[in-house]
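Number of protein chains: 2
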Amino acid sequence: MSTVNHRILLVSRPQAEATLDNFRLEAAPLPDVGPGEVLVRHHYLSLDPYMRGRMSEAKSYAAPQALGATMLGGTAGEVVASRNPAFAVGDTVVGNGGWQEYALVAGAALPGLQKIDTRNVPLSAYLGPVGMPGITAWFGLSKILEPKPGETVVVSAASGAVGSVVGQLARLRGCRAVGVAGGKEKCDYVVHELGFDACIDYKAAPDAAALDERLAAAAPKGIDACFENVGGRIFDAVLGRMNAFGRVALCGMIAGYDGEPVPIRNPSVILRSRLKVQGFIVFESPSSVPWAMAELGALVASGRLRYRESIAQGLAAAPAAFLGLLKGRNLGKQLVKLT
Amino acid sequence: MSTVNHRILLVSRPQAEATLDNFRLEAAPLPDVGPGEVLVRHHYLSLDPYMRGRMSEAKSYAAPQALGATMLGGTAGEVVASRNPAFAVGDTVVGNGGWQEYALVAGAALPGLQKIDTRNVPLSAYLGPVGMPGITAWFGLSKILEPKPGETVVVSAASGAVGSVVGQLARLRGCRAVGVAGGKEKCDYVVHELGFDACIDYKAAPDAAALDERLAAAAPKGIDACFENVGGRIFDAVLGRMNAFGRVALCGMIAGYDGEPVPIRNPSVILRSRLKVQGFIVFESPSSVPWAMAELGALVASGRLRYRESIAQGLAAAPAAFLGLLKGRNLGKQLVKLT
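Sequences listed follow chains A and B, in order.
Count along the first sequence from 1, add 37, and you get the number used in the working numbering.
Count along the second sequence from 1, add 37, and you get the number used in the working numbering.
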């Protein structure tokens with residue numbers, strides 16, 4: 038086992054777009070394992086859009102990431118040393134170890150370390166369809182949108198880790214699933230591999246009228262439920278096509294993470310169509326997690342829930358992979374493989 | 038009894054602001070009363086902001102008002118002729134008779150004609166605090182905002198027919214009630230006569246920073262629930278001060294009725310603070326109406342729910358009074374008295 042732990046720190050806050058300068062790779066000695074503590078070697082880091090929000094100081098649901106500290110984030114790996122009877126060397130675990138090769142898990146952080154079963158579900162899937170993104174999709178669809186069979190569900194960032202699960206679950210619940218994604222390659226993946234009924238390439242629809250026309254064609258009976266990961270002009274277009282009593286689960290506003298606010302241009306449609314627009318954060322609903330993981334794990338194990346991963350190799354590749362994620366360069370769940 | 042019925046027609050649609058030219062007063066013979074039909078003489082017409090929406094052709098929850106037809110609207114009056122056993126001459130009734138002196142109520146419209154008890158509640162109150170505006174306030178507060186005692190409720194257009202009831206009901210439910218209104222006279226009325234805890238004069242807060250400062254002072258523990266009647270910059274300011282898991286009942290977007298869309302400038306707060314923003318229309322919840330009217334009627338009869346009326350005299354005054362309502366020139370419920 039190495040005696041060095043490499044990690045990536047946040048060293049400055051973005052002025053507008055995040056850049057490589059905001060991060061620094063450093064080496065530190067591996068800490069000693071004290072009583073009750075567990076040392077985890079990370080196999081995978083999860084990269085997620087919400088991390089961009091934490092890089093800024095703006096008020097949000099979570100405290101901003103501290104400057105000079107290791108970037109926070111979800112991790113999957115194995116226990117390599119343990120002085121805690123609940124964990125044994127060799128256990129596979131997911132946790133919030135951050136952007137580093139090893140994490141010493143101690144004290145208040147221990148409840149966040151979860152043993153997982155990798156006999157039928159690959160380790161990395163616990164950061165994707167069976168992890169936070171999948172659970173987010175499950176929660177927003179099942180608890181906020183509550184679509185009925187025959188309804189039309191639209192999801193933006195449809196090829197991403199969350200959106201891909203939203204649409205497949207919607208199909209399994211008897212709904213028409215319509216994705217929105219950027220580029221032909223992503224849309225082909227969404228329709229032909231994930232099985233959505235339709236996918237709109239927003240890059241091929243540069244103005245509001247073109248986007249609206251494609252939405253009308255893809256959702257001929259209107260839109261009953263929207264799982265919104267992006268915000269901005271796509272969301273505006275979807276709102277305009279929503280049926281009376283439609284529901285919107287507001288999960289992400291990626292378009293606004295770089296600082297400039299992105300308005301909802303015509304919110305009177307919320308009144309006119311009596312919509313419910315609800316923001317949510319999945320980790321505030323812990324009681325749903327076991328139900329979500331049970332369904333998602335079974336679907337992945339049986340091959341009925343499909344997913345792809347974009348895997349960057351090595352810790353040093355994490356910042357560039359993260360910036361690429363914010364630009365939509367990944368296809369499927371963005372991971373960093375460390376082993 | 039007169040043999041002539043005066044009425045006001047919609048003769049053109051507004052290009053931007055509604056104007057007097059959009060309306061025309063005309064005289065028509067009083068119709069004969071056929072079997073099953075009821076003739077009502079109107080004592081009061083109700084003027085309401087939603088009517089502006091119906092003057093336009095834009096898609097909305099109700100069909101646009103037809104050109105050349107009598108303006109639609111709520112009315113209170115008495116039965117002057119009846120060939121229907123459910124109604125007798127002299128009954129006091131509320132209905133949807135429109136902008137005219139008499140209405141012949143027949144066929145499918147009959148269920149909309151409701152006998153009311155004016156022993157303890159004045160007839161005009163059935164168009165205000167015990168009518169559609171009061172029921173709207175009751176429904177939005179009780180069924181969408183569901184505030185708990187000690188929470189802070191903000192309502193815009195606080196001196197209006199809906200807003201004035203929202204704040205008083207919030208106080209009766211143990212909440213802190215904060216109004217927003219235009220001008221010192223309205224704010225004084227809201228605080229000193231209606232008993233709100235505070236009222237912000239938005240005309241004295243011309244920019245976002247000034248508005249935010251006043252909101253912070255009036256709602257020192259943040260805002261848990263917002264009953265939104267206006268939209269625009271006031272709504273933006275309120276959203277920015279909402280506590281986690283806050284609720285917004287979206288009842289009106291008066292700022293946008295003249296055609297130009299009024300955006301929500303920073304909707305990412307809906308995500309950050311996990312808000313629920315819900316549009317609603319009260320007449321879609323008929324099962325709530327008897328509960329609402331029972332509570333509101335008892336509160337008016339006992340003097341615990343206060344209200345004022347702005348009364349224009351005579352049918353010919355209706356268009357100007359309506360345009361004044363859209364400009365916020367009224368204080369309390371805007372009515373037209375016909376008798």
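Quick caveat, the hints were computed from the structure, so don't treat them as lab data.
Model, not experiment: these values are computed from the prediction.
We put the CB at the ideal spot given by N, CA and C, even for glycine.
Just so you know, not all the hints are guaranteed correct.
Restraint-style ranges between C-beta atoms, simulated for each label pair [stated by the list, open to error]:
| id | chain 1 | residue 1 | chain 2 | residue 2 | range |
| --- | --- | --- | --- | --- | --- |
| 1 | A | 244 | B | 297 | 14 to 24 angstroms |
| 2 | B | 281 | A | 123 | 31 to 41 angstroms |
| 3 | A | 253 | B | 52 | 26 to 36 angstroms |
| 4 | A | 253 | B | 297 | 20 to 30 angstroms |
Item to complete: Mind listing which of the numbered hints don't hold for this structure, in increasing order?
Response: Of the numbered hints, all hold.
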